[in-house]
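Using the hints, position chain L against chain D.
Okay, here's what each chain looks like letter by letter:
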Amino acid sequence: MIINASLPGSGGGMKFASGSYTGTGTYSASSPASLTFDFAPKVLMVFRTSTSTGGSAGNLLRSEASKCYFIQNLDLLTTEYVKGRGFGAQSYQGPFGKKSADGKTISWYEDNSADDWLYNKSGETYSYAAFG
Amino acid sequence: MTIIEIAALENGAHRNQTGTFATIPDGWAVVPESVEIPDTFPFVIPAVEGQVVTALLPGVVPDPASDPEPEPTQLDRLEAQIAYTALMTDTLIESEE
Numbered sequence: 001m002i003i004n005a006s007l008p009g010s011g012g013g014m015k016f017a018s019g020s021y022t023g024t025g026t027y028s029a030s031s032p033a034s035l036t037f038d039f040a041p042k043v044l045m046v047f048r049t050s051t052s053t054g055g056s057a058g059n060l061l062r063s064e065a066s067k068c069y070f071i072q073n074l075d076l077l078t079t080e081y082v083k084g085r086g087f088g089a090q091s092y093q094g095p096f097g098k099k100s101a102d103g104k105t106i107s108w109y110e111d112n113s114a115d116d117w118l119y120n121k122s123g124e125t126y127s128y129a130a131f132g
Numbered sequence: 133m134t135i136i137e138i139a140a141l142e143n144g145a146h147r148n149q150t151g152t153f154a155t156i157p158d159g160w161a162v163v164p165e166s167v168e169i170p171d172t173f174p175f176v177i178p179a180v181e182g183q184v185v186t187a188l189l190p191g192v193v194p195d196p197a198s199d200p201e202p203e204p205t206q207l208d209r210l211e212a213q214i215a216y217t218a219l220m221t222d223t224l225i226e227s228e229e
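In order, the protein sequences belong to chains D and L.
The opening residue of the first sequence carries number 1 in our numbering; numbering runs sequentially from there.
The opening residue of the second sequence carries number 133 in our numbering; numbering runs sequentially from there.
Be careful, since some hints might not be right.
[Claimed, not checked] Stretches of chain D that chain L covers, calculated by requiring three or more beta carbons in the stretch to come under 8 angstroms of a beta carbon on chain L:
no., segment
1, 13 to 22
2, 30 to 40
[As the list claims (entries may be wrong)] Some but not every residue of chain L turned toward chain D, in silico, with C-beta under 10 angstroms:
no., residue
3, I135
4, L141
5, E142
6, R147
7, Q149
8, T150
9, T152
10, A154
11, T155
12, P157
13, T172
14, F173
15, P196
Because the hints were derived from the structure by calculation, they are not lab data.
Glycine residues also receive a C-beta, built at the ideal position from the N, C-alpha and C atoms.
Extracted from the complex, chain L is given alone in its bound form:
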């Protein structure tokens, strides 16, 4: 049997596991064989009654290219501040090329 975690992860996916289970963990639900699993799995929107999934709607698979830009580090901020100060005071070191 397949079970999924009812709550979605931050990217919209649902943890899932296929195997044999004597008990269903809290917060998880069984996906009966009669429920069609969309191609987007594990990015799905489940309809759940108790610990049984009654339907799985296709979710949105995130585009890896659309990952948010990482926050600038302290070093990035310091370098930007130095460059800005150098420009404002006309002390920017020119490249020798």
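For reference, chain D alone in the conformation it holds in the complex:
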């Protein structure tokens, strides 16, 4: 879903997109997870919506309790990977995040294949909401 809403004083108006994706199970910088948008979002929120690995899927408090990065201010991302700017559990392996030069594609990865909390676990369903 995309909503284009004009907000007072916002100039070009606000854009919103939501949707979902299924995790591919890949990790590492060579095969990152990614989401692509028709606009360059300012904020992106991702959370798990399936429960094959247990836990309380779709609950943002659960994500917070697990020390997961599930919402990012994309203005802080660069075109190079930066630790702590991806989506998944906080660890020394990441998650690393970056955006494309046009800001429309957000990519992230973690150097830990055993981590179930990278938001790209094989077969898991994740939902997202983006604001720009």
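Leaving out everything else, chain L in the frame of chain D:
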């Protein structure tokens, strides 16, 4: 609508995204609702015409237990070399247990 990246990742999965898109990114294709999505998704083999998927065949879901052994580190190699040298020179330190 659901879109998938036409090229597979190294493990056979395809990046995918469901939402509303004004334009389809290069290298991606739309999966029409008429195309059945196999249970193995996103491990699928797509048939694509232009930027439209015409069929999705089931792919092979990798077994996590079959992940390849990691390459030995320099420290692993050094320890192996030391153990081998100790065995060959009969200088291996025996355990006190």
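For each hint, the structure was consulted:
Counting residues of the segment 13 to 22 of chain D whose CB lies closer than 8 angstroms to any CB of chain L gives 6, so the stated coverage by that chain holds, three being the minimum. With a threshold of 8 angstroms between beta carbons, the proposed coverage of the segment 30 to 40 of chain D by chain L holds, since 7 of its residues qualify and at least three are required. Evaluation of the L:I135 hint against chain D yields a held restraint, the C-beta minimum of about 8 angstroms falling below 10 angstroms. With a least beta-carbon distance of about 5 angstroms to chain D, the hint placing L:L141 at the interface is held under the 10 angstroms criterion.
This hint holds: L:E142 has a C-beta 6 angstroms from the nearest C-beta of chain D, less than the 10 angstroms allowed. Satisfaction of the interface hint for L:R147 is found here, the shortest Cβ-Cβ separation to chain D being roughly 6 angstroms, below the 10 angstroms cut-off. The beta carbon of L:Q149 is positioned within 10 angstroms of a beta carbon in chain D (closest approach about 5 angstroms), and the interface hint is therefore held. For L:T150, the suggested interface contact is upheld, since its CB lies about 5 angstroms from the closest CB of chain D, less than 10 angstroms.
With 10 angstroms as the threshold, the beta carbon of L:T152 comes within range of chain D, its nearest partner Cβ sitting at about 5 angstroms, so the hint holds. Annotation: interface hint on L:A154 holds; nearest CB of chain D at approximately 5 angstroms, less than 10 angstroms. A cut of 10 angstroms between beta carbons decides the hint on L:T155: the least distance to chain D is about 6 angstroms, and the hint holds. Satisfaction of the interface hint for L:P157 is found here, the shortest Cβ-Cβ separation to chain D being roughly 5 angstroms, below the 10 angstroms cut-off.
Residue-level restraint check for L:T172 holds (minimum Cβ-Cβ distance to chain D is 9 angstroms; threshold 10 angstroms). Hint on L:F173 holds. Least Cβ distance to chain D is approximately 6 angstroms, under the 10 angstroms limit. Because the beta carbon of L:P196 sits about 8 angstroms from the nearest beta carbon in chain D, less than 10 angstroms, this interface hint is met.
In the structure shown, no violation is registered for any of the earlier numbered hints.
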